[in-house]
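These protein sequence lines map, in sequence, to chains A and V. Be aware that the first sequence starts at 334, since it is given in our numbering, and climbs by one per residue. Be aware that the second sequence starts at 12, since it is given in our numbering, and climbs by one per residue.
Quick list of in silico lysine-lysine cross-link-like pairs, BS3-like style, CA-CA up to 25 Å: (1) Lys654(A) <-> Lys585(A); (2) Lys640(A) <-> Lys592(A); (3) Lys585(A) <-> Lys592(V); (4) Lys585(A) <-> Lys594(V); (5) Lys593(V) <-> Lys585(A); (6) Lys425(A) <-> Lys194(V); (7) Lys194(V) <-> Lys346(A); (8) Lys592(V) <-> Lys654(A); (9) Lys590(V) <-> Lys585(A); (10) Lys474(A) <-> Lys425(A); (11) Lys662(A) <-> Lys592(A); (12) Lys651(A) <-> Lys592(V); (13) Lys456(V) <-> Lys414(V); (14) Lys425(A) <-> Lys191(V); (15) Lys654(A) <-> Lys590(V); (16) Lys403(A) <-> Lys194(V); (17) Lys191(V) <-> Lys403(A); (18) Lys425(A) <-> Lys403(A); (19) Lys654(A) <-> Lys640(A); (20) Lys430(A) <-> Lys346(A); (21) Lys482(A) <-> Lys583(V); (22) Lys590(V) <-> Lys651(A); (23) Lys592(A) <-> Lys590(V); (24) Lys346(A) <-> Lys425(A); (25) Lys466(A) <-> Lys430(A); (26) Lys640(A) <-> Lys346(A); (27) Lys592(A) <-> Lys651(A); (28) Lys592(V) <-> Lys592(A); (29) Lys593(V) <-> Lys592(A); (30) Lys594(V) <-> Lys592(A); (31) Lys430(A) <-> Lys194(V); (32) Lys465(A) <-> Lys425(A); (33) Lys662(A) <-> Lys640(A); (34) Lys482(A) <-> Lys594(V).
The set of hints was computed from the structure by calculation and includes no laboratory data.
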Amino acid sequence: MSKDAFLEVNGLKKYFDATGRPGLFSRDTRHVHAVDGVDFTLRHSEVLALVGESGCGKSTLALLLMGLEKPTAGTIHFEGRDITHISEHERKDVRRKIQMIFQDPYESLNPTQSIEEIVNEPLMVHGLGADKKERDERVKKAMEDSGLKPADVYLNRFPHELSGGQRQRVVIAAALVLEPEILLADEPVSMLDVSIRAEIINLLAELRISRQIAVIFITHDLGSVGFFADRVAVMYLGRIVEIGTMLDVLEKPRHPYTKALISVIPVPNPRLRHERIILQGETPNPIDLPTGCRFHPRCPVAIATCKASDPPFVILSKTHKAACLLLVK
Amino acid sequence: MNSSEPKQQWLIRLQSFWQTFSKNRIGLVGLAMLALLILMAIFAPLIAPYTSSSSAEFQVGDIYNPPSASHWFGTDDAGQDIFSNFVFGARISLIVGFFAAFISIIIGGVLGLVAGFLGGRWENLLMRFTDTMLVIPDLPLMVVIIALTKPSLLNIIFVIGLLGWTTTARVVRSQTLAVKSRKFVLRARAVGAGNAHIISRHILPLVMPILVVQAVLVVSLAILNESALSFLGLGDPTVLSWGQMLNYAFGRGAMSIGAWWALFFPGFGIVWVVLGLTLLGQGLEQVLNPRLDTHHLMPGRPTVRKDRVEAQTKFTKETVLEVQNLSINYINEGKPPARAVENVSFTLNAGELIGLVGESGCGKTTLMLSLLRLLPSAGQIVDGRVFFNGEDLTTISDEELNKIRWKEISIVFQGAMNALNPVRTVGDQIAEAITRHMPDFPKDKIQARVIELLDLVGIAADHREHFPHQYSGGMRQRAMIAMALACNPQVIIADEPTTALDVMIQAQILELLDSLRKKLGLAIIFVTHDLGVVAEICDKVLVMYGGVTAEYAEVDTIYNEPRHPYTQELIKAFPDLTKPKKKLTSIPGYPPRLDNLPVGCRFAPRCPAVFARCQTEQPILHNLGNSHIASCHLVEASK
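All chains should be modelled from the sequences, with the hints used to inform the complete structure.
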């Protein structure tokens, strides 16, 4: 385990049964290869963007990291400790330190709870806070840190009385109240208007500095993480195909899939309209994986050998690696 | 402990519930009917002129006397006062009803909750048991059990209670399943909450409303069952319920004597309580289940005000659509109208793509719907004109407008999954779009046309036999576009067609729209909140804010020489990968509510360049030349 990694994922796999209910005698169970061998490390107060299209396994990966799904293979180490298969009881402490923010702020709040109840709930679950006064203070601090200022205005409101951006702030406050060390944000802004997206991303960027929180930012839109991510990992069909610092990936992408993803990000200036590499079709279904490189059927630069052999990671620099046969010298 | 605060919350919720419920007439009538009966049961000794007792031998009048001043409901076979028996009988019926229902609700609620929450094997087992209980006819089984045991009131309560829980279990299970799969339950798990916490804090509060409605119905069922059992002679002989009264009257010749009152009044009591409970249940359901609520934005016929300013037409040949000074209000009962759109103008030429940009609630959907007069009934076009090929769409008749809807101007809606019928093939649905709008289309050519349309949007012909769920999100959106193209329209309104899609699929759809307008000469109105998309494909941009035009210009002007602070801020808020290190600026605050607009400039509360005049005076549209329009006082100053 590397020295400065505080979350380390090795060979993580999650296969779902795709046969439905297999008959007693059916032997060939088919699998959805949702996550199929993912390795990465996360450092203290680092922002890692996990980017990929729907169906690339990024949301399953989030559930695995949260311990909400059990991995088929591989390990997850947190603060030097193997948390892959710990019991629910042992996990409680880990849960306090790794919190998640969901995509849809409309769905991820219970409509019958007031904002105070929502933000206070995690404290209750973990039995934190000595008395009501201390809990109230923590709730208010988390809310104000999340931009719900002054907190008193919001405490007795209900989710339906808030706008989309405010609801996402409530979700963030309910995560912050536990003082987590990692925030896992699964598409936290894709349901919000553009003008509000910037607010939420800026908020996460501030929190990361003021509270030293590491963030895993899961998104399909590379554009939305630009300035904010330290490193970017691009996923395709259950695997990371390219990983590097933000500038490595955005300015010198080496994997053809990353190049295509970057080319289709809208640029807010008509003078900079450029040739886009539009991949045809969609991510193939993860039951019958393509042979060889799993990107070859959609790859604009595929060569004959791509069909046959699965590309290994090619180390491009100290921080940058990509899995493509064209990079193998 | 913090017990005082949750209680206050409860009180607030109860108050807000009562506020809604007190407006529900059906529920109130039911509640009043039930309350009357309960009061009568409680104060029975004060109301009834005679103490009732079925076993007592005393007689208060003659046998089967018709209703009179001394015996309002007449007398029965034993010469007892029926009104007194009726008043005391209410006690028995209500006691049996409520206690039996209590047992049913507890059993059904727990089973349903456990089955729904645990799922898997437990659910299978419990629900098969429930199904079995459900198919056994209740009444014969009750008759058998009561006949075998002593017919005491307690036994009757237990038998009715123990057999009446099946529907509750099913209703609770399905609601539990629905709530369990919602994201906030997953979020609670991620926080570390255990099952007990999730059930008590997240599942129960959302199951409770349905359980309350169900409870009311179970009470009425239990009362009916008790009456039936008593009528059959299986009631507790020591107490006199309404069913028992019917049983005695029926068995002791009331029918042959013609003493209708001995049967009518207990029967009336049963009908009264069941009707009251049913109405209350219906009222509660309307209040507690928001899906049954009728929305104030029901479709209907919007009105067009007649006393508008005369139009000034100045078309060029290639102008397909010209919107002039369009204003739309939503009529609000008892309040001033909401000015949803005010004084918006734009022109659209053939083959042109205009971007209609703004945050949610800025009036862009209202504007778009008003073009085809598809506004909800509260919507009113109060000013302005919409010219399509020189014809004013705001004044022509519905028949004439129908010739234009879909055939000349069609719409691609956002959320393609909801707009497609899940049980019909995509090909069928496209064929229907053709035949519905063009009944004369030759039947033998429809399939060829469907294939042609699918080909236009890049879907292989053999996919027309597939159902929407077999399509991916991107393909569904393509199918929606094919449907919009069915009648060769000149204009397509695309309402956030790429909002829910991945960037790669979004790029595919944008490429498709761009190629269609080149190939077919289509004019497209692209409604979106995403400035990046607009920059990629649009020719002109209309930026709306709070129902008014903020800025309108060629796409290059909007991005490189924006004059309105809102446009400038929007662009700064958009992530630009060509400058990855740049921090995003956000626009603090939220768009104004259309029913509570600021007096001056609608953007003033959020504007970084605001000054005194903005607070009091709404800026007019300033023409900056080269069809560049901006509504900002600063523009006037610098002009």
